[in-house]
Every structure is written in structure tokens, then in C-alpha cells.
Amino acid sequence: DTGVSQNPRHKITKRGQNVTFRCDPISEHNRLYWYRQTLGQGPEFLTYFQNEAQLEKSRLLSDRFSAERPKGSFSTLEIQRTEQGDSAMYLCASSPNSRSYTDTQYFGPGTRLTVL
Amino acid sequence: AQKITQTQPGMFVQEKEAVTLDCTYDTSDPSYGLFWYKQPSSGEMIFLIYQGSYDQQNATEGRYSLNFQKARKSANLVISASQLGDSAMYFCAMSTNYGGATNKLIFGTGTLLAVQP
Numbered sequence: 301d302t303g304v305s306q307n308p309r310h311k312i313t314k315r316g317q318n319v320t321f322r323c324d325p326i327s328e329h330n331r332l333y334w335y336r337q338t339l340g341q342g343p344e345f346l347t348y349f350q351n352e353a354q355l356e357k358s359r360l361l362s363d364r365f366s367a368e369r370p371k372g373s374f375s376t377l378e379i380q381r382t383e384q385g386d387s388a389m390y391l392c393a394s395s396p397n398s399r400s401y402t403d404t405q406y407f408g409p410g411t412r413l414t415v416l
Numbered sequence: 027a028q029k030i031t032q033t034q035p036g037m038f039v040q041e042k043e044a045v046t047l048d049c050t051y052d053t054s055d056p057s058y059g060l061f062w063y064k065q066p067s068s069g070e071m072i073f074l075i076y077q078g079s080y081d082q083q084n085a086t087e088g089r090y091s092l093n094f095q096k097a098r099k100s101a102n103l104v105i106s107a108s109q110l111g112d113s114a115m116y117f118c119a120m121s122t123n124y125g126g127a128t129n130k131l132i133f134g135t136g137t138l139l140a141v142q143p
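Taken in sequence, the protein lines are chains S and X. Heads up: the first sequence is residues 301 to 416, going by my numbering. Heads up: the second sequence is residues 27 to 143, going by my numbering.
With the rest of the complex left out, here is chain S (with noise of 0.2 Å):
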């Protein structure tokens, strides 16, 4: 299977603790996007990768988390300082490199944070 990956599915920290998720990509994407879910609503956009550049930060990212993507392939998000208002799913998705708002985004299976 070539799918996005994300690894851990499931994780439980108490608050304070740094959390760190990874997201593995389809290979021949480009375009990598981190957005968070929480119960009962859409995903809202986070951070976008064009390659290994970080292009776009939205509001939503405070200056506890941050994200990498360090030779264009895998994709870090840290969480520091940990919060129970961080609970929630977070995906990640990944497209083509056409610059275009016709490519479609292919998600992974998310990583579902607890924050206790």
C-alpha cells in the first residue's frame, strides 16, 4: 500500500509533555498539509509543505507547535507544552505538485491526540 502513513494512530500524554507525530507521504507528492479535527467538526487547515519549504502557518498554529519537513519526504508536527484544548485528530494529506486547486488531497489515518 502506498498511501499517506501517520504514525502513532493513538496517543495519550499528560499536559505539559511534548508530543511529536510523523506523516509519511505518497512518494511522488510534493504538497504536504497537516490540519487538525476536533469531535464534531470539519478539519481545519494548519500548515502547508511545498517540498521541504514551509509555506503557509495558519492562526491555529500557536508558537507550541511546530513542523518540519526536512528533505521534502516525511513530515514532523510537535506539539511543546501540551494542553487539553489540543485534544483532537490530527491528519495529515498529501498532492500532487501541479499548483493547481484542482489536485486532490489524499489523507492518512490521522493521529488521535489525548491530552489528559
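Any given hint could be a false lead.
[What the hints assert, rightly or not] Under the rule of at most 30 Å between Cα atoms (straight-line distance), these lysine-lysine pairs were calculated in the DSSO-like manner:
1. X:Lys96 x X:Lys29
2. S:Lys357 x X:Lys29
3. X:Lys96 x X:Lys42
4. X:Lys29 x X:Lys99
5. S:Lys357 x X:Lys42
6. S:Lys311 x S:Lys371
[To be verified] Now the in silico label distances, taken between C-beta atoms and shown as ranges:
7. S:Thr338 x X:Glu43: 28 to 36 Å
8. X:Gln28 x S:Arg315: 31 to 39 Å
9. X:Arg89 x S:Arg322: 28 to 36 Å
10. X:Thr135 x S:Gln380: 25 to 33 Å
11. S:Ser305 x X:Ala107: 29 to 37 Å
12. S:Gly385 x X:Ser100: 31 to 39 Å
In short, the hints are calculated from the structure, not lab data. The beta carbon of each residue, even a glycine, is placed where N, CA and C say it ideally should be.
Given chain S, work out where chain X should sit, using these hints.
Chain X in isolation, oriented as in the chain S frame:
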């Protein structure tokens, strides 16, 4: 402002019947794409169907079709011959060129579909 509205929080449908899930959108950008995703209880977002703003014909993908009415800014998903496995949350989403080339998706709040035997 870019916005997607899904007014049906939940719907029931009998197995083998057709069902329509509503979606309206708002954008001032003439170039946009509309997408439908399915999210089962496992959490993964599964792409179903796409419609571009300049497409002349309604999109179809197997049992899924998109009823695109540009003047009314609606992009309803039609599922024909419902199956028990169609029970899931369904999200409508939009991508535009507004604000640059990010093409991030803007999602609605979703519709929970329950297929009854």
C-alpha cells in the same frame, strides 16, 4: 469569505435507496474545486468525488454523483443504491486559488449518514 455549509447534521436512508447530501459554498474566486470525502468511524478521510468550477458536466464516480448547480452555489452528493458500508460521516470541501497557491481545503461540518437494513 470562503465557506462551506452542510445543513444536515444527520440522515437515515434505507439500504438500496438513493440519498442526497446537501452542500452549499461561498467564494468570490471564479476558480475553485469541490470535493466530497467519507470518514468512517476509523477516522481516515476517503476521497469520493471532485467537481471543478469550470466543468460543464456533473461528476460521477461509480455510485457517487455530484449535482453541481453553479448559480445556486450548491454541490450536493448523490449516493445511489445505498449499502450498509456507506454509513459514515460525509464532508464537503472546497479548494480555491484565493490567497495564493496553497490550495488548502475548507471543510463543512459534515453529515452523518446511517444506512438501515
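Of the numbered hints stated previously, which ones are contradicted by the structure, given in increasing order? 5
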